[in-house]
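S.K.: Residues per chain, in single letters:
2 protein chains.
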Amino acid sequence: MLHVSHRANSVLASPIRKFLPMVLDAEKKGIHVYKINVGDPDIFVPKEFWRGLKMYKEKTIGYAPSTGIREHTEAWVKYYKRIGIKLEPKNIIPTVGCAEAILLAMMAVADPGDEVIVFEPMYTSYKGFASMSNITLVPITLKIENNFSLPDESEIVKKITKRTKAIIVINPNNPTGSILSKKEMDMIVRIAVKHNLYIIADEAYREIVFSQKPTTFLSYINAKENIIVLDSISKKFSCPGTRIGSVASFNEDFMRAILKFAMVRLSAPTLEQYGAIPLLLNAPRLTKEVTKEYKKRRDIVYKGLKKIPGVFCTEPKGALYIIAKLPIANAEGLVEFLLKKFSYKNKTVLVTPAEDFYITKGLGRNEIRIAYVLNTKALKDAMDILQRGIRNFLM
Amino acid sequence: MLHVSHRANSVLASPIRKFLPMVLDAEKKGIHVYKINVGDPDIFVPKEFWRGLKMYKEKTIGYAPSTGIREHTEAWVKYYKRIGIKLEPKNIIPTVGCAEAILLAMMAVADPGDEVIVFEPMYTSYKGFASMSNITLVPITLKIENNFSLPDESEIVKKITKRTKAIIVINPNNPTGSILSKKEMDMIVRIAVKHNLYIIADEAYREIVFSQKPTTFLSYINAKENIIVLDSISKKFSCPGTRIGSVASFNEDFMRAILKFAMVRLSAPTLEQYGAIPLLLNAPRLTKEVTKEYKKRRDIVYKGLKKIPGVFCTEPKGALYIIAKLPIANAEGLVEFLLKKFSYKNKTVLVTPAEDFYITKGLGRNEIRIAYVLNTKALKDAMDILQRGIRNFLM
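Sequences listed follow chains D and U, in order. 218 is the number of the first residue of the first sequence in my numbering; add one for each residue after it. 218 is the number of the first residue of the second sequence in my numbering; add one for each residue after it.
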């Protein structure tokens with residue numbers, strides 16, 4: 218009997234798969250399902266992308282250099298320069314989405330059995346990549362009641378062992394929509410420097426912040442060697458299907474390691490690297506537009522949730538997500554109910570049970586995550602339907 | 218002091234990087250460098266690709282499903298049906314090039330410390346991916362004098378231990394240009410079934426065969442559970458920069474594992490999945506054209522090498538590579554010489570020292586690999602220059 222690997226077994230199947238047949242069944246019955254479960258926005262990719270794509274005039278489509286197509290990598294450098302960070306091309310390598318950046322960065326800093334500290338709830342792909350690369354994630358639980366703010370320094374330091382290699386932070390955060398305060402960022406940097414740890418900062422949602430300016434850990438010049446920043450064009454320019462991200466660091470040993478990994482897998486897609494150039498060069502204008510739109514949506518979702526009796530949530534400060542605590546023991550049951558047994562005017566709504574965003578077993582069962590990826594009109598309707606659905610479920 | 222991981226240290230830097238500054242220096246001096254060192258062809262991508270790309274009419278660029286865009290995955294299914302293999306969409310998942318297929322397949326069958334049998338010389342990325350995923354490659358050395366044919370069954374079986382999970386075969390082969398005989402394929406299948414091993418068959422060059430019909434391990438229906446086939450549109454359709462490959466298997470446990478990994482990294486690029494559809498649907502015609510061209514090139518390179526005194530090589534049967542044994546102790550010295558100290562009519566040539574294609578230390582030092590990725594006229598000139606260069610080097 219052939220077996221798959223333990224690491225394959227340890228990756229959990231995405232909960233989305235479980236609900237997909239239910240969604241299809243509902244749709245077959247003529248029910249419209251508002252999908253606010255994943256971060257796949259309905260916003261048009263800026264026309265600049267198509268303009269960038271047309272810059273590609275070759276009749277061959279060769280491998281891009283593993284270091285990135287020169288103009289593309291330089292566009293990232295210029296993009297970072299605008300936010301005050303002076304990278305050289307050797308400090309940044311384009312990747313196949315932020316996803317690949319996560320895997321390569323984890324593999325570059327940690328060996329099998331090594332530990333990385335994370336804050337839960339967290340973007341689920343980290344769990345999968347940790348399983349694939351045999352790295353142990355050590356979770357520190359953040360509470361919705363505390364606005365998902367970080368605990369005291371001592372609580373974090375307690376988790377550090379001889380095998381700890383890095384702290385992962387997602388800022389702005391998926392799935393919580395929270396952002397780190399200056400004080401929290403300072404603390405993370407202080408801990409990393411003191412305990413000789415890398416900071417892997419996933420800043421894919423950097424510009425999508427509603428009442429602050431975008432920040433980056435790369436601005437901590439006193440911790441240059443410690444900081445690794447992962448980025449992506451997917452969310453800030455509404456084009457996740459292009460699969461273009463990046464990994465940046467002033468740590469030259471680390472970047473050499475990433476380059477070696479990058480050369481093994483050859484290159485990120487050639488055409489999209491061109492498409493991304495005018496996006497990166499026009500980032501301030503384009504990200505301002507998209508953030509304005511997400512702020513409107515945030516308001517609708519937040520207000521919509523606050524109206525539902527028994528629901529607890531705090532106002533998201535960034536990204537395109539919110540977590541809400543429900544007056545329900547098991548959110549998965551609600552999601553199933555909404556898809557299989559409920560509809561209002563032939564419409565229903567798909568949200569994500571938050572359990573999968575936690576590492577610690579049993580947490581998040583009464584929470585859901587909403588991704589505000591629909592236009593304001595659809596979102597208003599979806600929130601109304603969610604309210605009716607919850608009421609019905611509790612009857 | 219921060220360190221990178223052991224696995225990062227264990228990945229060798231690509232030898233291409235070492236020669237790049239020398240190439241740039243030569244080019245600065247006005248010397249044209251014929252680059253026949255990597256499998257990045259000069260052949261135009263078929264116009265069908267651009268037609269496929271235009272099928273994409275959306276104004277958003279969302280994530281593709283992890284299982285692939287339906288029409289794209291179905292195009293793979295149709296492509297395989299034409300060569301006699303009846304896959305269902307659940308048996309195949311598109312990947313980010315064959316490169317990602319290699320990494321995911323290795324991770325799905327083996328855990329850190331597990332062993333995989335390979336035949337050296339072999340495509341170098343396997344070494345890198347094995348380091349990244351902490352899998353031990355157990356090499357069986359093939360000899361140029363034996364036309365790189367496989368050893369007896371007993372020689373292979375000898376290498377199997379309790380930790381052996383798979384045998385990797387690249388067919389047609391990069392870097393040797395050899396193809397497996399029916400007898401060799403039968404033997405590999407027999408061993409795999411008997412010893413409960415996966416066969417990871419990298420068939421990216423399937424159609425590029427010069428005197429036989431394309432084959433695939435998927436045709437062994439008696440070993441359905443054992444066989445994993447990696448594929449790519451890069452070489453057969455001359456578009457490596459699109460980063461579209463696939464992994465296929467009738468083993469449902471294995472495909473479930475791959476799907477879980479695929480979901481963690483979300484998706485392969487959306488636009489190129491569309492571009493690939495008409496390529497896959499027109500595979501017989503398009504691959505016939507490209508193979509005809511490579512056959513002409515193969516003849517030029519093979520004849521060119523045979524003319525050089527002291528050089529030994531055998532006629533490649535497929536792919537776009539040839540390995541040649543030189544009357545020189547260290548091929549790396551020759552490559553440096555050609556770039557730094559030699560030119561003929563202001564031209565020189567870049568080939569790859571074959572040492573890096575071996576796992577066993579010390580092997581391949583007197584061998585080079587040539588990728589016949591230039592048009593016939595350029596290739597003739599390059600071979601003439603190589604002959605003159607070798608003569609000069611030996612003087």
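It is worth saying that the hints were derived from the structure and are not from the lab. Using N, Cα and C, we set each Cβ at its ideal position, and we do this for glycine too. Check each hint, because a few of them may be wrong.
Quick look at which bits of chain D chain U covers, simulated, 3 or more residues with Cβ under 8 Å [as the list claims (entries may be wrong)]: (1) 222-235; (2) 259-270; (3) 310-317; (4) 324-332; (5) 395-408; (6) 445-459; (7) 514-522.
S.K.: Determine for every hint whether it applies to the structure shown.
M.R.: Hints, one by one, checked against the model:
Remark: the segment 222-235 of chain D is confirmed as covered by chain U, as 11 of its residues place a Cβ nearer than 8 Å to a Cβ of that chain, reaching the required three. Residue count for the segment 259-270 of chain D with a Cβ under 8 Å from a Cβ of chain U: 5. That meets the three needed, and the coverage hint holds. Here's how the segment 310-317 of chain D fares: 4 of its residues keep a CB closer than 8 Å to some CB of chain U, so the rule of at least three is met and the hint holds. Counting residues of the segment 324-332 of chain D whose CB lies closer than 8 Å to any CB of chain U gives 7, so the stated coverage by that chain holds, three being the minimum.
Look at the segment 395-408 of chain D against chain U: 0 of its residues bring a Cβ nearer than 8 Å to a Cβ of that chain, fewer than three, so the hint is violated. Residues of the segment 445-459 of chain D with a Cβ under 8 Å from some Cβ of chain U number 5, which satisfies the need for three, so the listed coverage holds. Under a criterion of three residues with beta carbons nearer than 8 Å to beta carbons of chain U, the stated coverage of the segment 514-522 of chain D fails, only 0 such residues being counted.
In summary, the numbered hints that this structure violates are 5, 7.
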